[in-house]
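Colleague: So the chains spell out like this:
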Amino acid sequence: MPALRRSDWYDLARDLNWNLSYVTEDEAFPEVMSNNYGITPNEKWWGWDEPYKVSYREYVHNQHGKDASVYSVNSVIARSRMFEELDPGWKSAIVAHYGAIAVPEYLAGLGESRMGRFGRAAAWRNMALFGTLDETRHGQIQTYFPYTLLDKEPRMDWAHKALHTNEWGAIAARHLFDDMFTANDAVSTAIQLTFTFETGFTNLQFLGMAADAMEVGDLDFGALISSIQTDESRHAQQGEPTVKILVENGYADVAQRLVDHMFWRSWHVFALLTGLSMDYYTPLEHRSHSFKEFMQEWIVKQFLDQFRDFGLEPSWYWESHFLPELDWYHHALHLGVWFWRPTVWWNPDAGVSPAEREWLEEKYPGWNDTFGVYWDTIGDNLRRGEETKTLPETFPMVCNMCQIPVVTPAGFRAGKLESPEPQIHIHEGRQYVFCSEPCKWVFQLNPARFAGHTSVVDRFLGGEIQPPTIPGALEWMGLSPEEMGQDATNYAWAFEGFEAPGAAAS
Amino acid sequence: MTTMRRRKARTWSLLGDVKRKPSAYEAVTAKFHYHFRRDPAPWELDPEMALNRWYLDHREGSPFNVDDWEGYRDPAKLTYKDYVTLQHERELYVDGLVDRFEAVDHAASYSDGWTAAFASLVVPLRFPIHVLQMASLYVGQMAPSSFITNAAHFQAADEMRRLQRIAYWTQVVANAKDASIATTEAAREPWESGEAWQPLRETLETMLVAYDWGEAFVALNLGVKPAFDAMTNVALRDLARRNEDEFIALLCEEFDRDAARSRAWTTALVRYALERDPALADVVNGWLETWAPKGIAAVEAMGPLFEQAPEPVAGEELVEVAREAQREIAGAAGVA
Ligand SMILES: [Fe+2]
Ligand SMILES: [Fe+2]
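Each protein sequence line maps, in turn, to chains Z and U. Residue 1 is where the first sequence starts when you use my numbering, and the numbers rise one by one after that. Residue 1 is where the second sequence starts when you use my numbering, and the numbers rise one by one after that.
In isolation and in its complexed conformation, chain Z is listed as follows (with noise of 0.2 angstroms):
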């Protein structure tokens, strides 16, 4: 062990910052990559201060250590008959995390590099750094675990692909992921990916399926997003210092901005990964908390301690729209998403036994009136035999922000939006439709950022796909016939408590 302590050497290793004098700094810094929202001369950033700090070697050695852990768990259990144990609920909802946030993870280490080259602060390129080799890291121990897993799931494969492809799902992770880090400059990227994204929703993402792959016997899983998480909680402490400046430059209102744009999407693509994961693919003995006692816990709380601490609001549309959607809109989600299953990769598990809806009552008073009525008819063509009637012939429409389908009604029914109708915009001749306010609002920020792009929808009706049926739009989206989802147990749950045809019911 060397003799000297970190800290006796530590400011020698980030104090890196000089005036330049050959090229200019906007030439080296410019906008694109680094937009330090009228914050100049850059020496102005120098005082970055990083609140946790690691150098090299402590971050070899113990990344070494973590990743021995983690791969030797995977290769015992690949030897077990672990996986196919598992719940087929849960199967999808790994398979589905693995699609949406395997290779994004990688990509993150981009933003991650764009920070550790146009970061205005030398401790703050170097903490970048560690974050772009975490994120190599999570990218591929990602892909290595479903890669391991394909002879056994071969939908596994879209921990690869998903992001290849149109399907809906993964165009609104790119839609996201491109405009938190892979499209941002470096300040907003520490802000809205660090910041907002990982100190936020990773933890919920990451923590909260730790603890249900744990009670769901997924050791593999669970050993898996435990270890990523103590990467994240680590590299996401860049935010904060970058907050910091832009709070003490009097720019606060730049902050909240960032925060507020990228704390809306992030719920928006969390309520249809994580909020159907917990609340219905999640087998009901293990399920832990519900989505929403979740987001309490841990969002909720966690970003009013964060807006307080650092002299930033709630986000205008906490009270009216944030809050209210914690009640209706990953179940309109699930609704959608597993009437539309062909569209997705994973099988949708419709969650919705007896036992289910008793518990989804419970934790959400008033759930049959708005959504078990819907159940109910569903269950009555399958129990009919009228699987067909239970598959979409249209598709939705599609929010221009956020990329997912629309579902204000099932909010009007809910009592909690005042019209069923969407948002609609226009924008120099254009129409844009929007699931929400603030999803319209994020757009008004900035509609150079956004207004020449196209949704799926767009695309369907303009001719870009064809033929322009559900087929061919199936084929467009990339999904084989193979691929296609399916309901988990094959309708299990619609017979539970009923006669099935030709059996007699238990």
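Bear in mind the hints are in silico, worked out from the structure with no lab data behind them. Quick caveat, the model's predicted, so the values are computed rather than measured. One should not assume that every hint holds.
[Unchecked claim] Straight line, CA to CA, 30 angstroms or less: simulated DSBU-like cross-link-like pairs of lysine-lysine: (1) U:31 - U:19; (2) Z:244 - Z:363; (3) Z:44 - Z:363; (4) Z:66 - U:294; (5) U:77 - U:19; (6) Z:152 - U:19; (7) U:77 - U:31; (8) U:19 - Z:66; (9) Z:440 - Z:292; (10) Z:66 - U:77; (11) Z:292 - Z:416; (12) U:177 - Z:152; (13) Z:152 - U:77; (14) Z:53 - Z:66; (15) Z:416 - Z:440; (16) U:21 - Z:152; (17) U:31 - U:21; (18) Z:363 - Z:416; (19) Z:244 - Z:301; (20) Z:53 - Z:301; (21) Z:152 - Z:66; (22) Z:53 - Z:244; (23) Z:53 - U:31; (24) Z:440 - Z:301.
With chain Z held as given, fit chain U with the ligands onto it using these hints.
Modeller: Here is chain U with the ligands on its own, set in the frame of chain Z:
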């Protein structure tokens, strides 16, 4: 049964119907940059938004391009796991080295002359190494395939590695000999205004704004870094030995292992590109006409610092090792 039965997959479907099962390295690296040459733009936003334009101009639009980058392999075939395992072991070695030299109070044995040489030559190196770290990250984030990106990102980490060991030893020497060298100013002042450092700073600052991905790669890994590494890993090693600083000499040798890995993936990449398109030799050489001399000019100006040491390395000798390093890598890359 929840999934229709299909033929068992040997590998990712995107890697094709392969006869040879891809290695683990390939399975976690191939085709991660789905956004390269994506239609209509890399990122799923307005195709004309600023960062789409940046990538279209500087990556897709670079003259240094071939029909397919996915066939390229880093000869070291490093995954993240391999990288941290490798460097964990190498850092254990350096930890041991530090222990050994701290146990004999090596820094206390520094002569005043060598302490002064160390202060003027080694201490400020943190700055240029940090720039090399920044530049490698740029190459990594702009590269068209993950096989290249990862190698460049690991290279950036290697720069931080040596920077921190220098920072550490600076503090050790400061404690033993001269507290004033362990300050920001002791490094920044020469970096910003020391005569010997200005050509190096000019080279590195201008290299930072070479935004075409191919030029950024060639400037850094074929032009500037080989010359810089020859100075810090070879000439400085010799200088340290002549001045009885075996610790610094061994450290330089250790860092050259990382530099050798950089040279290996660099030459493999250029060779890969030239095999696909021999005309790219002119593109690479065109950039090298700018960046090789800049690398030499940077090193040449550092000559007086090498000559001031009690037992010097001559300026011409320094320049010659830098030139030799550039010639060697150009030859190995097939562009000499
Ligand atoms: Fe991550
Ligand atoms: Fe939306």
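Colleague: Work down the list of hints and note, for each, if the structure agrees.
Modeller: Going down the list of hints, with the structure as the test:
1. U:31 - U:19: 18 angstroms, holds
2. Z:244 - Z:363: The given pair, whose Cα atoms are some 38 angstroms apart, is violated under the 30 angstroms limit.
3. Z:44 - Z:363: 49 angstroms, violated
4. Z:66 - U:294: Violated, because 42 angstroms separates the two Cα atoms, which is more than 30 angstroms.
5. U:77 - U:19: 20 angstroms, holds
6. Z:152 - U:19: 20 angstroms, holds
7. U:77 - U:31: 15 angstroms, holds
8. U:19 - Z:66: Violated, because 33 angstroms separates the two Cα atoms, which is more than 30 angstroms.
9. Z:440 - Z:292: Holds, because 24 angstroms separates the two Cα atoms, which is no more than 30 angstroms.
10. Z:66 - U:77: Measuring from Cα to Cα gives roughly 21 angstroms; hence the hint holds.
11. Z:292 - Z:416: Given that 30 angstroms is the threshold and the Cα spacing comes to 15 angstroms, the pair holds.
12. U:177 - Z:152: Violated - the C-alpha atoms of residue 152 of chain Z and residue 177 of chain U are around 64 angstroms apart, more than 30 angstroms.
13. Z:152 - U:77: 27 angstroms, holds
14. Z:53 - Z:66: 18 angstroms, holds
15. Z:416 - Z:440: 18 angstroms, holds
16. U:21 - Z:152: 17 angstroms, holds
17. U:31 - U:21: 16 angstroms, holds
18. Z:363 - Z:416: This hinted pair holds, its Cα atoms lying about 17 angstroms apart.
19. Z:244 - Z:301: It holds: about 20 angstroms lies between the C-alpha atoms, which stays within 30 angstroms.
20. Z:53 - Z:301: Status holds; Cα separation ~26 angstroms.
21. Z:152 - Z:66: 26 angstroms, holds
22. Z:53 - Z:244: 17 angstroms, holds
23. Z:53 - U:31: Violated: residue 53 of chain Z and residue 31 of chain U sit about 33 angstroms apart, past 30 angstroms.
24. Z:440 - Z:301: It holds: about 26 angstroms lies between the C-alpha atoms, which stays within 30 angstroms.
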